[in-house]
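Chain by chain, the residues run as shown.
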Amino acid sequence: MALSPVDAVVIGAGAGGGVIAKELACAGMRVVLLERGRWVTAWDDRKDDLRNQRTSVLGAPFGPDDERNPRVAVDRRGRELVVLPSDGAYSNNAACVGSGTVSYGAMAWRYMAQDFRMKSIYGCPPGSTLDDWPITYDDLEPFYEKAEWEMGVSGDVAPDPFHAPRRRGLPMPPLPPNREYEILKPAALRKGWHPFDIPMLRNSVPYNGRGPCMRCRWCVGFACEVNAKNGTQNTVIPTALATGLCELRTDAMAREIVLDARGHATAVTYFDADDRLQTQPARLVVVSAGAIETARLLLNSKSRLHPNGLGNRYDWVGRNLQGHAYPRAVGLFDHDTYDDVGPGASIAICDFNHGNPGLRGGAMLANEFIRLPIQFTGMTPPDTPRWGRANKDYMRQFYRRSIAVMGPVQEMPLFEARAELDPRVKDFWGIPVARLSGGRHPHSVEVARAVVEKAVEWLEEAGAIRTWTSVPGLDLSGGQHQAGTCRMGNDPRSSVVDRNCRIHEADNIYLADASVHVTNGGFNPALTILANAYRVAAAIVKERRA
Amino acid sequence: MRKPSRRSFLAGAVLGTAGCRQDAGARLALTGGEARALDAICDQLIPADQDPGAAATGAVVFIDRQLAGPYARYRRAYREGLAQAGALSRKMFGKPLDQLAGDQRLALVTRLEKDARPFFEMVLAHTMQGFYGSPRHGGNRDYASWRMLRVSASPVRGRIQYDLRQGKGT
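First to last, the sequence lines map onto chains Y and S. For any residue, its number in the numbering used here is found by taking its place in the first sequence, counting from 1, and adding 13. For any residue, its number in the numbering used here is found by taking its place in the second sequence, counting from 1, and adding 6.
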């Protein structure tokens with residue numbers, strides 16, 4: 014039986030979907046927000062260092078659950094493996110109200126102006142589908158500002174000479190420095206670089222009626238116990254619900270977008286909390302399920318006009334799956350660097366995001382979040398045994414005497430890196446699951462190798478007595494920074510959505526998540542997803558009023 | 007069903023108490039023999055020195071508990087791997103793993119790393135999790151590893167000495 018019609022169904026209550034729901038509801042539209050996960054709080058899996066979004070060996074508490082949500086991962090040798098959300102190869106993005114914005118480290122980066130024009134600036138490397146965005150930084154700038162002020166960002170980007178022009182500063186000052194900051198800042202200055210305080214969707218002072226960060230070590234990967242991290246679950250989604258026009262349905266697993274004979278979306282079918290199939294009619298559909306699940310839903314929505322999946326006439330849905338190549342340098346010191354003052358990550362440089370000789374793009378470099386003991390076990394120097402007496406000795410000696418610097422290297426998209434439907438494996442509800450395959454472009458690895466050398470220089474200047482690096486290889490990227498699977502573009506033959514993120518050839522279906530990113534910047538993508546969702550919502554509201 | 011007599015009820019209560027002792031023979035997923043063999047391996051992966059090692063702080067309790075839960079999918083790998091390790095032990099030294107002397111255990115685990123790589127990697131990863139992870143899962147008893155690393159176990163660091171109105175530490 015069909016439910017009563019609404020103006021818009023938004024699928025996925027993460028970064029993009031939360032913003033869209035709020036903006037549409039505040040504009041007077043009746044909205045149903047579908048979320049396959051649930052509300053989670055800091056108390057559900059409190060400080061569980063083996064069961065969180067970063068270390069999920071004992072489970073993925075921010076969803077989805079291992080029991081009902083398999084995927085298939087194909088490695089570069091062609092071996093297929095059925096993987097679960099708690100496995101690394103799953104590329105999990107949390108499924109809960111707020112999604113990744115509940116448990117993230119909350120870095121709040123604007124991409125740089127160059128990040129929207131990668132092909133024009135650098136040219137496309139062989140084998141890549143590198144392209145420009147159909148919008149520029151200037152198109153997004155007002156919406157970056159809106160995200161920063163509505164949701165709340167602290168930090169100080171003024172000392173960074175590389176950021177694109179901005180009309181307004183950040184609403185909150187940075188947190189007071191931790192010890193790593195005190196060590197790294199003078200070192201960067203001595204190198205002639207431009208260190209500054211990382212912008213974060215984190216209260217440093219009371220903001221939006223919630224208190225500031227309490228500086229605990231249980232930050233990235235965990236929900237915040239004092240609600241000082243700003244995600245959609247404690248900002249825009251409550252605002253949307255308070256309008257009385259937005260209904261949030263949790264435990265709601267979308268199956269398909271239903272189209273009429275003219276290719277116009279009429280409804281979304283989903284399985285409700287009791288696993289009953291429901292049909293929610295709507296005038297408009299916005300998909301914000303994350304790069305992999307958004308592609309999966311489109312591919313599962315087959316109709317007469319879209320026999321290969323919604324928006325997939327030219328086979329671009331699910332293509333160009335990318336995340337970031339994250340190289341890391343670790344430095345060991347002859348004095349304590351650990352002060353137990355969270356979140357840990359505090360200082361960054363953007364000196365190597367662009368302008369690296371002979372290379373395309375680069376990465377912001379920042380010190381790492383606090384490493385819990387279990388995470389430090391994965392950080393032994395290459396010549397230190399991985400077990401036994403010497404390993405234990407290393408742990409004891411250096412846990413408090415190490416600094417890690419890493420950066421999200423912007424990747425060169427690959428057409429073969431993709432999420433498609435697996436022909437055999439289905440989830441609990443009988444829906445074909447995502448099948449991930451392909452790899453990373455060699456140039457992305459080359460850039461990572463170059464950028465990590467800067468991280469080494471930084472640590473050495475800071476007094477590290479020894480350093481080493483780890484650089485990712487050619488395996489498929491994705492993870493929480495997953496992006497690119499339904500890219501935005503002006504040409505319907507080489508993109509999935511137009512500049513307003515509406516699917517080409519489907520006049521009332523929009524996408525609002527990182528799937529539309531043409532490239533993914535040398536930064537954590539959350540603020541860009543939020544800003545772009547504000548922009549898409551503005552386009553929807555404007556069109557509706559016209 | 008027959009109503010339990012007072013005597014059998016008491017016997018059950020005593021057994022129940024014994025079950026609470028973390029190192030008692032009965033396990034959730036492993037047999038007593040498997041648990042002893044695994045204990046000998048964990049003891050080499052993170053040995054005791056001036057600080058306690060994995061074995062004495064409940065690594066096997068951790069692994070056994072997970073095998074009865076989220077690690078149920080590794081049960082077969084443990085069963086087969088421990089059987090293989092036991093056979094290797096008897097072949098190399100003529101006795102079961104848990105009866106080997108320290109240097110013999112070390113030789114055996116070194117051999118496992120070479121000849122039974124997937125099993126070794128699995129046990130190493132799980133032992134690390136047990137020893138360096140939260141004690142709530144059965145390992146790292148009394149926060150032994152965190153004390154060794156000089157990390158306070160206090161779960162509410164920052165709460166008391168933090169002035170929420172100022173936004174900075176006091």
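Calculated directly from the structure, the hints in this document are not laboratory data. Errors might be hidden in some of the hints.
What the hints assert, rightly or not - Far from chain S by the CB rule (all over 10 angstroms, computed), these chain Y residues:
hint, residue
1, Asp61
2, Leu71
3, Gly72
4, Ser99
5, Asp264
6, Asp353
7, Pro386
8, Ile387
9, Arg399
10, Gly401
11, Asp406
12, Tyr412
13, Arg413
14, Arg448
15, Asn521
Stated by the list, open to error - Partner residues are not named here, just some residues of chain S that face chain Y (Cβ under 10 angstroms, in silico):
hint, residue
16, Leu51
17, Tyr77
18, Gln105
19, Arg156
Unchecked claim - Computed footprint of chain Y on chain S; a stretch qualifies when at least three of its residues, placed anywhere within it, have a C-beta under 8 angstroms from a C-beta of chain Y:
hint, segment
20, 54–67
21, 136–144
Quick reminder that beta carbons are idealized off the backbone N, C-alpha and C, glycines included.
Quick rundown of the hints versus the structure:
With a cut of 10 angstroms on Cβ distances, Asp61 (chain Y) falls inside the contact zone with chain S, its closest approach being about 6 angstroms. Not every Cβ of chain S is farther than 10 angstroms from the Cβ of Leu71 (chain Y); the closest lies at roughly 5 angstroms, contradicting the non-interface assignment. Here Gly72 (chain Y) does not stay apart from chain S, with its beta-carbon only about 6 angstroms from theirs, under the 10 angstroms limit. At roughly 7 angstroms, the least C-beta separation between Ser99 (chain Y) and chain S is not larger than 10 angstroms, which violates its mark as non-interface.
For Asp264 (chain Y), the shortest C-beta to C-beta distance to chain S comes to about 21 angstroms, beyond the 10 angstroms cut-off, and the non-interface label holds. With a minimum CB-CB distance of about 6 angstroms to chain S, Asp353 (chain Y) fails to clear the 10 angstroms threshold, and the non-interface call is violated. A beta-carbon of chain S is positioned within 10 angstroms of the beta-carbon of Pro386 (chain Y); the least distance is around 4 angstroms. Its beta-carbon lying about 5 angstroms from the closest one in chain S, Ile387 (chain Y) breaks the requirement of being farther than 10 angstroms from that chain.
Look at Arg399 (chain Y): its CB is around 7 angstroms from the nearest CB on chain S, not clear of 10 angstroms, so calling it non-interface is violated. A Cβ of chain S approaches the Cβ of Gly401 (chain Y) within 10 angstroms, the least distance being about 7 angstroms, so the stated non-interface status is violated. Not every C-beta of chain S lies more than 10 angstroms from that of Asp406 (chain Y), the closest at about 8 angstroms, which undercuts listing it as non-interface. At roughly 4 angstroms from the closest C-beta of chain S, the C-beta of Tyr412 (chain Y) falls inside 10 angstroms, breaking its exclusion from the interface.
With a cut of 10 angstroms on Cβ distances, Arg413 (chain Y) falls inside the contact zone with chain S, its closest approach being about 6 angstroms. For Arg448 (chain Y), the shortest C-beta to C-beta distance to chain S comes to about 21 angstroms, beyond the 10 angstroms cut-off, and the non-interface label holds. The beta carbon of Asn521 (chain Y) sits about 42 angstroms from the closest Cβ of chain S, which is more than 10 angstroms, so the claim that it is off the interface holds. Interface restraint check: Leu51 (chain S) against chain Y, minimum CB-CB distance 5 angstroms, threshold 10 angstroms, status holds.
Among the interface hints, the one on Tyr77 (chain S) holds; its C-beta lies about 8 angstroms from the nearest C-beta in chain Y, closer than the 10 angstroms criterion. Evaluation of the Gln105 (chain S) hint against chain Y yields a violated restraint, the C-beta minimum of about 21 angstroms exceeding 10 angstroms. Checking Arg156 (chain S) against chain Y by beta carbon gives a least distance of about 6 angstroms; that is within 10 angstroms, so the hint holds. Only when three residues or more bring their CB closer than 8 angstroms to a CB of chain Y does the claim for the segment 54–67 of chain S stand; here the count is 3, and the claim holds.
Only when three residues or more bring their CB closer than 8 angstroms to a CB of chain Y does the claim for the segment 136–144 of chain S stand; here the count is 5, and the claim holds.
In terms of the numbered hints stated before, the structure departs from hints 1, 2, 3, 4, 6, 7, 8, 9, 10, 11, 12, 13, 18, listed from lowest to highest.
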